[in-house]
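Here is what each chain is made of, one letter per residue.
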Amino acid sequence: MTKPIIEVQNLAKSFGKNAVLKDITEQVDPGQVIVVIGPSGGGKSTFLRCLNLLETPTSGHVAFNGEDLTTLDTKRVNELREEMGMVFQSFNLFPNMTVLENIKLAPMKVKGLSDAQATQRAHELLQQVNLDDHADAFPTSLSGGQAQRVAIARALAMDPKVMLFDEPTSALDPEMVGEVLNVMQELANQGMTMVVVTHEMGFAKSVADRIWFMADGFIQENSTPADFFAHPKTERAQDFLSKILL
Amino acid sequence: MPKKLLISIVFILTLLTGWGGSTHFTTANAATDNSLTKIQKKGTLVMGTSPDYPPYEFQATVHGKTKIVGMDVAVGQKIAKDLGVKLKVKSMSFDSLLVALQTGKVDMVISGMNPTPARKKNVDFTHLYYQGGYSIVINKSDKGIYQDKDSFTGKTLGAQTGSTMYTESKKQTSNTKVKGMTSVSDLILALQNHKIAGVAMEKPSAQAYVANNKQLAMIPSHFNLSADDTVAAVAFKKGSTALVNKVNHSVDQIKNQDLVNKTYLPAAGKYLKTNTVNTSMWHYWKAFLTGVEYTLIITVCATFFGFILGVILSLARMLQGNPLKTAIRWLATAYVEFIRGTPMMVQVMFVYFGLGLIVNLPALTSGIIAIALNSGAYVAEYIRGGINSVDAGQTEAARSLGMSSGATMRYVILPQAIKNIWPSLGNEFITLIKDSSIVSIIGVSELIFQSNIVRSDTYRGVAPIAVIMVLYFIMTFTASRILNHFERKMQHD
Ligand SMILES: Nc1ncnc2c1ncn2[C@@H]1O[C@H](COP(=O)(O)OP(=O)(O)O)[C@@H](O)[C@H]1O
Ligand SMILES: [Mg+2]
Numbered sequence: 001m002t003k004p005i006i007e008v009q010n011l012a013k014s015f016g017k018n019a020v021l022k023d024i025t026e027q028v029d030p031g032q033v034i035v036v037i038g039p040s041g042g043g044k045s046t047f048l049r050c051l052n053l054l055e056t057p058t059s060g061h062v063a064f065n066g067e068d069l070t071t072l073d074t075k076r077v078n079e080l081r082e083e084m085g086m087v088f089q090s091f092n093l094f095p096n097m098t099v100l101e102n103i104k105l106a107p108m109k110v111k112g113l114s115d116a117q118a119t120q121r122a123h124e125l126l127q128q129v130n131l132d133d134h135a136d137a138f139p140t141s142l143s144g145g146q147a148q149r150v151a152i153a154r155a156l157a158m159d160p161k162v163m164l165f166d167e168p169t170s171a172l173d174p175e176m177v178g179e180v181l182n183v184m185q186e187l188a189n190q191g192m193t194m195v196v197v198t199h200e201m202g203f204a205k206s207v208a209d210r211i212w213f214m215a216d217g218f219i220q221e222n223s224t225p226a227d228f229f230a231h232p233k234t235e236r237a238q239d240f241l242s243k244i245l246l
Numbered sequence: 001m002p003k004k005l006l007i008s009i010v011f012i013l014t015l016l017t018g019w020g021g022s023t024h025f026t027t028a029n030a031a032t033d034n035s036l037t038k039i040q041k042k043g044t045l046v047m048g049t050s051p052d053y054p055p056y057e058f059q060a061t062v063h064g065k066t067k068i069v070g071m072d073v074a075v076g077q078k079i080a081k082d083l084g085v086k087l088k089v090k091s092m093s094f095d096s097l098l099v100a101l102q103t104g105k106v107d108m109v110i111s112g113m114n115p116t117p118a119r120k121k122n123v124d125f126t127h128l129y130y131q132g133g134y135s136i137v138i139n140k141s142d143k144g145i146y147q148d149k150d151s152f153t154g155k156t157l158g159a160q161t162g163s164t165m166y167t168e169s170k171k172q173t174s175n176t177k178v179k180g181m182t183s184v185s186d187l188i189l190a191l192q193n194h195k196i197a198g199v200a201m202e203k204p205s206a207q208a209y210v211a212n213n214k215q216l217a218m219i220p221s222h223f224n225l226s227a228d229d230t231v232a233a234v235a236f237k238k239g240s241t242a243l244v245n246k247v248n249h250s251v252d253q254i255k256n257q258d259l260v261n262k263t264y265l266p267a268a269g270k271y272l273k274t275n276t277v278n279t280s281m282w283h284y285w286k287a288f289l290t291g292v293e294y295t296l297i298i299t300v301c302a303t304f305f306g307f308i309l310g311v312i313l314s315l316a317r318m319l320q321g322n323p324l325k326t327a328i329r330w331l332a333t334a335y336v337e338f339i340r341g342t343p344m345m346v347q348v349m350f351v352y353f354g355l356g357l358i359v360n361l362p363a364l365t366s367g368i369i370a371i372a373l374n375s376g377a378y379v380a381e382y383i384r385g386g387i388n389s390v391d392a393g394q395t396e397a398a399r400s401l402g403m404s405s406g407a408t409m410r411y412v413i414l415p416q417a418i419k420n421i422w423p424s425l426g427n428e429f430i431t432l433i434k435d436s437s438i439v440s441i442i443g444v445s446e447l448i449f450q451s452n453i454v455r456s457d458t459y460r461g462v463a464p465i466a467v468i469m470v471l472y473f474i475m476t477f478t479a480s481r482i483l484n485h486f487e488r489k490m491q492h493d
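Protein chains in written order, with UniProt numbering: chain X, 1 to 246; chain D, 1 to 493.
I should point out that these hints are in silico values taken from the structure, not numbers from a laboratory.
One thing to keep in mind: the hints can contain errors.
Partner residues aside, some chain X positions facing chain D, computed with beta carbon under 7 Å [what the hints assert, rightly or not]:
no. : residue
1   : Leu54
2   : Arg81
3   : Ser90
4   : Met158
Quick list of simulated restraints, FRET-style, between CB atoms [claimed, not checked]:
no. : chain 1 : residue 1 : chain 2 : residue 2 : range
5   : D       : Ser405    : X       : Pro39     : 29 to 37 Å
6   : X       : Pro95     : D       : Ile312    : 46 to 54 Å
7   : X       : Thr70     : D       : Ile297    : 48 to 56 Å
8   : X       : Lys111    : D       : Trp330    : 45 to 53 Å
9   : D       : Ile418    : X       : Asn189    : 41 to 49 Å
10  : D       : Ser405    : X       : Asn10     : 23 to 31 Å
Since we're looking at a predicted model, the values are computed, not measured.
Glycine residues also receive a C-beta, built at the ideal position from the N, C-alpha and C atoms.
Start from the sequences and build out the full structure, keeping to the hints where you can.
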């Protein structure tokens, strides 16, 4: 049995009186692609942000490679964040830097790469996401699909072991969704461990190893895509699927 | 008013620092009077004076260089020579002189000062070096209307604020309004504009003004004065008995040989002549240039250090977490509130006179420090606003890449925040060009200070003001053009 790369134990998170995550215990194995789906406001983003401690859990544990993030000091948490790339719904590219600079910043400032090394690596990644001709463009001049691919390249530049995606295509015009999903699919094919929050059911069916259905602060179901879409066990999931598959 | 303010500030400082106080003075008197040896060891004697009172002391342009001259400077030179030390003359407003003496900014004050009982309480005076009298300067066209102080019923008489003349004019006239101004040249200007009917001043000064301005005339004052009121003496810090005794030898010589009337006054008169031959503003371009230089030095340095302080303060104000961080945040907030809630003028005086008790800072340095401390508080608020206006997603993206909070701030947030705060920083810079004029009160030769000197040198009241107005405008206009250029450039990328 392989050792899990992410282990979540009795994770709970409240904002004031609002208990968003109630009690979550799950694990992610290396190379797995997890797709998290569920109704809006169900705590998916909060859950993802707890995985790299952008959000501090109220209780419970989140371990990466056996290290419990909730017990580590800031410095070590920063180091472990390098291992978990994150892609946001709203891209969050640095608007004052070119595409190339966006990608080079963290490798140079955090990993201490030389300018030449970082530049070379950035170009490789831009080729991977088909955007090398936009290296010197500023983010504002990019389409949503291009911006999100740059964001993925930027996260990959830290050579993470895991990639977290929070609704990466929700802010895109429909015709651009495909180009981003293709990049993600390729990543999955290369063996990247991924946790993806998405409403793209096609992607979930074809790429996911496991589907986690999340609602009301719990992971209600954890099953294979085939099982989940054919035989949703909980009423909550049946209800959800009937709404989106119509 | 400024004088009262200064006195209260000194009083508070004295209490705060435990410096001075009567106990200290008595001990100094009795046991440890090293005043004389201290000066001799130092090798220089710093004389404080307010050089807008010709022929006592005034600025003259000698071989293209401005320097302070006058009979008081000659007295100071004799004293220094007799002590075997070098004389250094420091100029400041008359109101600041005694404070400067008490806080050790200067070693002695010679500025046509009368040893009044009130002053004697705070400083030690030498014997008298000069005994003059008082006159009233009027417009020549009014000659015949006014005979002496009693002719000004229903009229306004002017006198230098803080001077003996001011108090006596109030006491010894009835139904006459007494108007006080800091500088005699302002009073003369007011006289020529018929805002006031006469200016009471010491006779030698009156003579100088009348000799240099054909529209003026002088009449005797007929003030009823005790001997003490019409005389001038040298002031030293309280408890400098040894030094005063020594200097009294020089002063007695001056008095006995009538050096003031025989040598010093004629010499001063010569300066006055060369000084007023050419009163065109062009002739004083060097004085104005110095003013512009200092104004720019102060503004640029204060903006630079103010910005650094502002960054630190704004970051401190965003600290959260453990009690130490909370305490720092609280302190930074308190500092910002305090600075924004007190006048810059008071801060400038506090730094110069107050901090001066601990470290002896030159006026220019004090001015820059005070303005930077002030500006930092405002800049901190601009920066905080700029940082808060950067989208939270930027921080999340940077942190998710493994960047520390410090690196995130430095490489991601601040560069974007700067863009937002640049316009306010530019405004702050332009404001400082104008507000730096406040350090003229501690004698820094920035533009306002220089214009006052030119005014008292040329006896022309308006022209120098017009010149500096134009100069200020040129500076602020140029600065705003340059800043706009950078702003546009930044908006491009
Ligand atoms: N920083 C926050 N402060 C307070 N409430 C929050 C915060 N972030 C999320 N929430 C609340 O948590 C709940 C779950 O939000 P989220 O995790 O974004 O759900 P999802 O991503 O599934 O739509 C929502 O009710 C939201 O209002
Ligand atoms: Mg969400």
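Each hint tested on the structure:
1. Leu54: holds, 6 Å
2. Arg81: holds, 4 Å
3. Ser90: holds, 6 Å
4. Met158: holds, 6 Å
5. Ser405/D with Pro39/X: 29 to 37 Å: Holds: the Cβ-Cβ distance is about 33 Å, inside 29 to 37 Å.
6. Pro95/X with Ile312/D: 46 to 54 Å: Violated: the Cβ-Cβ distance is about 26 Å, outside 46 to 54 Å.
7. Thr70/X with Ile297/D: 48 to 56 Å: Check passed, 54 Å falls within 48 to 56 Å.
8. Lys111/X with Trp330/D: 45 to 53 Å: For Trp330/D against Lys111/X, whose Cβ atoms are near 37 Å apart, the range 45 to 53 Å is violated.
9. Ile418/D with Asn189/X: 41 to 49 Å: Holds, since Ile418/D and Asn189/X (Cβ atoms, about 42 Å apart) stay within the stated range.
10. Ser405/D with Asn10/X: 23 to 31 Å: With a Cβ separation near 28 Å, Ser405/D and Asn10/X satisfy 23 to 31 Å, so the hint holds.
This entry does not satisfy hints 6 and 8, going by the numbered hints stated previously.
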